[in-house]
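Could you put the whole structure together from the sequences, leaning on the hints where they help?
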Amino acid sequence: MNLDELLLPDRVHRRLYTDPAIYDEEMRTLFRRAWVYVGHESEVRNVGDYKRAKIGSEPVILVRGEDEAVRVLVNRCLHRGSLVCREEKGNGKFFRCPYHAWTYRNNGDLMGVPKRSRYPRDFDLGGLGLVNVPRVESYRGLVFACFDDGIEPLVEYLGPVRDYVDATLDFSLSGEIDLSAGVSRHRYPGNWKLQMENGVDGYHTAFVHETYIGIMSRAEEVELKFGSHGEDQGWTETFPRGHAVLARRADPRAIDVLREQFPEYTSALEAKHGSERLLEILAHMNVFVFPNLFLIGHQIRVVQPVSVDETEVMMYPYLLTDAPEALNRKRMAEHEGFYPPTGFGTPDDYEVFSAVTEGLQAMSTPWLLLNRGAHDCQDLGDGVRRGSPTDEIHQRGMYAEYARLVGSDQGGGA
Amino acid sequence: MSMPESPSTFSRGDAEDWLYHEAELLDQWRLHDWLDLFTDDATYHVPDGIDDSPAPVRAALINDDRVRLEERVWRLVTGPAHAQIPRSTTRRLISNVRVAGAEDDVLVTSNFLVHEIRKGQERSFVGQYRHRLSPAPDGWKVAARTALLQNSVLPLFNVSIII
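Protein sequences appear in the order of chains Z and V.
For what it's worth, UniProt numbering labels the leading residue of the first sequence as 1, then goes sequentially.
For what it's worth, UniProt numbering labels the leading residue of the second sequence as 1, then goes sequentially.
To be clear, the hints were calculated from the coordinates, so they are not data collected in a lab.
All of these numbers come straight from a predicted model, not from anything done at the bench.
Glycine included, C-beta positions come from ideal geometry on N, C-alpha and C.
Hints should not be assumed to be uniformly reliable.
Simulated crosslink set (DSBU-like; lysine-lysine; CA at most 35 Å straight-line) [stated by the list, open to error]:
| hint | chain 1 | residue 1 | chain 2 | residue 2 |
| --- | --- | --- | --- | --- |
| 1 | Z | K54 | Z | K115 |
| 2 | Z | K330 | V | K141 |
| 3 | Z | K51 | Z | K89 |
| 4 | Z | K93 | Z | K115 |
| 5 | Z | K54 | V | K119 |
| 6 | Z | K51 | Z | K272 |
Which chain Z residues stay away from chain V? Per the calculated CB distances, all over 12 Å, these [unchecked claim]:
| hint | residue |
| --- | --- |
| 7 | T18 |
| 8 | D19 |
| 9 | L125 |
| 10 | L128 |
| 11 | R140 |
| 12 | S174 |
| 13 | E231 |
| 14 | D251 |
| 15 | P252 |
| 16 | S275 |
| 17 | D382 |
| 18 | T390 |
Partner residues aside, some chain V positions facing chain Z, computed with beta carbon under 8 Å [unchecked claim]:
| hint | residue |
| --- | --- |
| 19 | V46 |
| 20 | P56 |
| 21 | A60 |
| 22 | L61 |
| 23 | I62 |
| 24 | N63 |
| 25 | V73 |
| 26 | R75 |
| 27 | H82 |
| 28 | A83 |
| 29 | L156 |
| 30 | N158 |
| 31 | S160 |
Structure below.
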C-alpha cells in the first residue's frame, strides 16, 4: 500500500484510524510480517494446555503438545472453516471440529475424519493438519509467533529493547512470572494504534490522569514513582523495529522504601543485581514491543485490533513467582487502583480514545501531529534515539516501522 | 429506618427498603450519602468474572477498603474523572431479595440490573449483590458489599459508575 500521502515523518493522516481498507491492509501485512505476542509460557505450563489468541485478525491456539513443544496453530478447520477450539483456555489431547467432527492432535495433525469412505482412497488427509504458524519463539517466557518464515530471530528483532524487558522482569528474583492472577479485559471504540501510541505517552499523564495523581500524591511511595515526571526525571527511547520505552527514574530512596516492607526479598535482589541495577529495575517503565505488547508496571498488556474503530485490550497483572505473597498482593492492589475497567486511570484513557475517534471524523483537519521534541533528540547509536519524557520520538519510531511493513509489497503477506 | 432489636427481625421487607434506598442514592448521585451507609472498616468488592484459577493471589475489578472507596467517590463527584464527563444517568432494578441471619450481622443477597445512559448510548450491568449489614445506632450499615458482575467475563468499556 502506498502510504506517501498518509504518513509523513512528523505526522499521521486521520485515515490510518478511520479507513477500513487500511485496517484490512494492516491485518494482511503488518500483523503477518512482525513478531506478534501470543501468550506467556506460564499459561500453557503443562502438556495439553492451550489458550486462544489472535495474530491480527487470525484466530490461533497457543498449545503445549505431547512432545512439550509450544506451538501456535491456526484455529480453523481445514474442511469447512469452523473454529476447532471454542474454549478460551483448557487442556486436552485433541481439537475436534464441532461441525463434522474432523479431529486434530494438539500438534495440528489431522487424526481422522468421520465416514472416510465417501472420500476417494487417494484423497490425502496427511496434508490437512491445522496450519502451524511457521515461526514461534519465546523470550523470557513471552511467546511470539510470525507468519513470515523469513523474519529475523526473535532476539534480533527485540534488539536493544531487551534490556528494558529484562529490567522489568528482573523484579522477580527467579526472573520468572506467572499470569494466573487474572486479567482486566477492555474494549474501546477506537483504532488499535491509539493504544499503541498512548501506552508509552508521557505527555498525557498529568492531564488525563489528573484525578489519579490527585489521589495518589497522598502516598509518598507512589509519589516516588509518579511524581517524578519532570522533563529531567526520565526519558523516552525509540528502537529499531518500532519498539519503545517511556521510563521514569526511580528515586534513590526507592530501595530503602522497598526494604522497609520486604527486607529479605530486597536484600536478595540487591545481592543478585547490585544496587545500581536494582534502581533501574525499580524505575517506572512502560515498555512497548511492536506491534501488540506492553510491559507496564506490574502487567503484560496485549493490544487486539477488532475493527478499524474497535479494539480489545487484555491486561494481565502478573505474579512474581518467588516473591512474598504480601508483595504480590500489594502489586495486585496497585493494578486494581488504576487499570481495570473500574479503575481510576484506564477509563479516562479510553474515554479520550473515544473522543479522538469522534474528533477524527473532521475531514477538514486530516493530520495528527507527532513532532514534539523532534528538534532536540539524542542519537545513542544502533538505531536507538532518546528524547524527553513528554516527547513523541518513540511514536515517530513506531510509524517508521509501520511504514516499512505496511507500505511495502515485500514480505509474507497473504 | 428504625433499627430492629435483633437480626432475626430483619425481614425481607426491611432488606428491600434498605436496598431500594441505596439504589436511589446511587441513581441520584448522592454518593456522599451513600458513603455514609458504610462502616469505617467496610469493604466493597467486585471480583473478576472468570475466577477459576487456584492462584492464591488474584486481581479483582474492585477491592476497596474505606479509604479507596472515599477516593472513588471523590474522583466521581469532585475529580472530575474524564470518564464521567458528561455524567451518566442510571436506573437500578433490585429483585430476588433474600435475607440470611448471622450472629451479629445479616447477609442480604439480591439480583441487580443497572441501566446506564451516557453519550447517547445505553448499557446494562447485571449480577448479584451480597450485602453484609451491621446494626448501628442510626440504622443498618454496610460491613461488606460484593457485586458479582456477570458482565465482567466480557471485555468492558469504562465502568465508571458505581455498580
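Hints and how they fare:
no., hint, in the structure
1, Z/K54 / Z/K115, "holds, 32 Å"
2, Z/K330 / V/K141, "holds, 28 Å"
3, Z/K51 / Z/K89, "holds, 4 Å"
4, Z/K93 / Z/K115, "holds, 22 Å"
5, Z/K54 / V/K119, "holds, 31 Å"
6, Z/K51 / Z/K272, "holds, 34 Å"
7, T18, "holds, 19 Å"
8, D19, "holds, 23 Å"
9, L125, "holds, 36 Å"
10, L128, "holds, 33 Å"
11, R140, "holds, 20 Å"
12, S174, "holds, 16 Å"
13, E231, "holds, 24 Å"
14, D251, "holds, 23 Å"
15, P252, "holds, 28 Å"
16, S275, "holds, 28 Å"
17, D382, "holds, 37 Å"
18, T390, "holds, 19 Å"
19, V46, "holds, 6 Å"
20, P56, "holds, 6 Å"
21, A60, "holds, 6 Å"
22, L61, "holds, 5 Å"
23, I62, "holds, 5 Å"
24, N63, "holds, 5 Å"
25, V73, "violated, 11 Å"
26, R75, "holds, 5 Å"
27, H82, "holds, 4 Å"
28, A83, "holds, 4 Å"
29, L156, "holds, 4 Å"
30, N158, "holds, 4 Å"
31, S160, "holds, 5 Å"
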